[in-house]
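Participant: The opening residue of the sequence shown carries number 1 in the UniProt record's numbering; numbering runs sequentially from there.
Treat the hints with care, as some may be off.
[Said to hold, decoys possible] Here are the simulated DMTMM-like pairs of lysine to aspartate or glutamate, each with C-alpha atoms no more than 25 Å apart in a straight line: (1) Lys57 / Glu31; (2) Lys64 / Glu31; (3) Lys33 / Glu17.
[To be verified] With beta-carbon atoms standing in for the labels, derived distance ranges: (4) Thr22 / Pro43: 30 to 40 Å; (5) Tyr16 / Glu55: 47 to 57 Å; (6) Thr41 / Met85: 20 to 30 Å.
Worth flagging that the hints you see were computed from the coordinates, not collected in a lab. None of these values were measured; they are calculated from a predicted model. By construction, the Cβ of each residue, glycine as well, lies at the ideal position given by its N, Cα and C atoms.
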Amino acid sequence: MGERSLRGSRLGSVSYETERNTAPIERQYAEYKCPSGHQFTVPFADDAEVPDTWECKFDGAAAKLVGGSEPAPKKVKPPRTHWDMLLERRSVEDLEEVLAERLEVLRGRRTRAS
């Protein structure tokens, strides 16, 4: 089995293709700055769209593109309260009926206990 292996070759790690008649892709460099003051550049393909924010490679914070536009703020949904969820299931008239029924039951208990 040992004599069947390829000698002097590491599969998958070395390319035997020549670099003749090839040109590297055109690049553009984007400069980012994070709130901590770290400044770094990231290479992109010339035809790629450069994002407005990039994760800082030093501390992981969101770094902004130097000279770029401010990113649009995310829409924040108002928090759903218990009352909002209740109104999704029942109308106000239904809730008033349930309240009247429960008050009758409580008043009936109070008169029996006395």
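Participant: Is 30 to 40 Å right for how far apart the beta carbons of threonine 22 and proline 43 are?
Facilitator: 18 Å, violated
Participant: Please verify whether lysine 57 and glutamate 31 have alpha carbons no more than 25 Å apart.
Facilitator: Status holds; Cα separation ~12 Å.
Participant: When you check the alpha-carbon spacing of lysine 64 and glutamate 31, does it fall within 25 Å?
Facilitator: Roughly 9 Å between the alpha carbons, so the hint for lysine 64 and glutamate 31 holds.
Participant: Take a look at whether the Cβ-Cβ distance between threonine 41 and methionine 85 falls inside 20 to 30 Å.
Facilitator: For methionine 85 against threonine 41, whose Cβ atoms are near 49 Å apart, the range 20 to 30 Å is violated.
Participant: Please check whether tyrosine 16 and glutamate 55 have a Cβ separation lying inside 47 to 57 Å.
Facilitator: At roughly 36 Å between Cβ atoms, glutamate 55 and tyrosine 16 fall outside 47 to 57 Å, so the hint is violated.
Participant: For a C-alpha distance cap of 25 Å, please report whether lysine 33 and glutamate 17 respect it.
Facilitator: 39 Å, violated
Consistency with the previously given hints fails for numbers 3, 4, 5, 6, ordered from lowest to highest.
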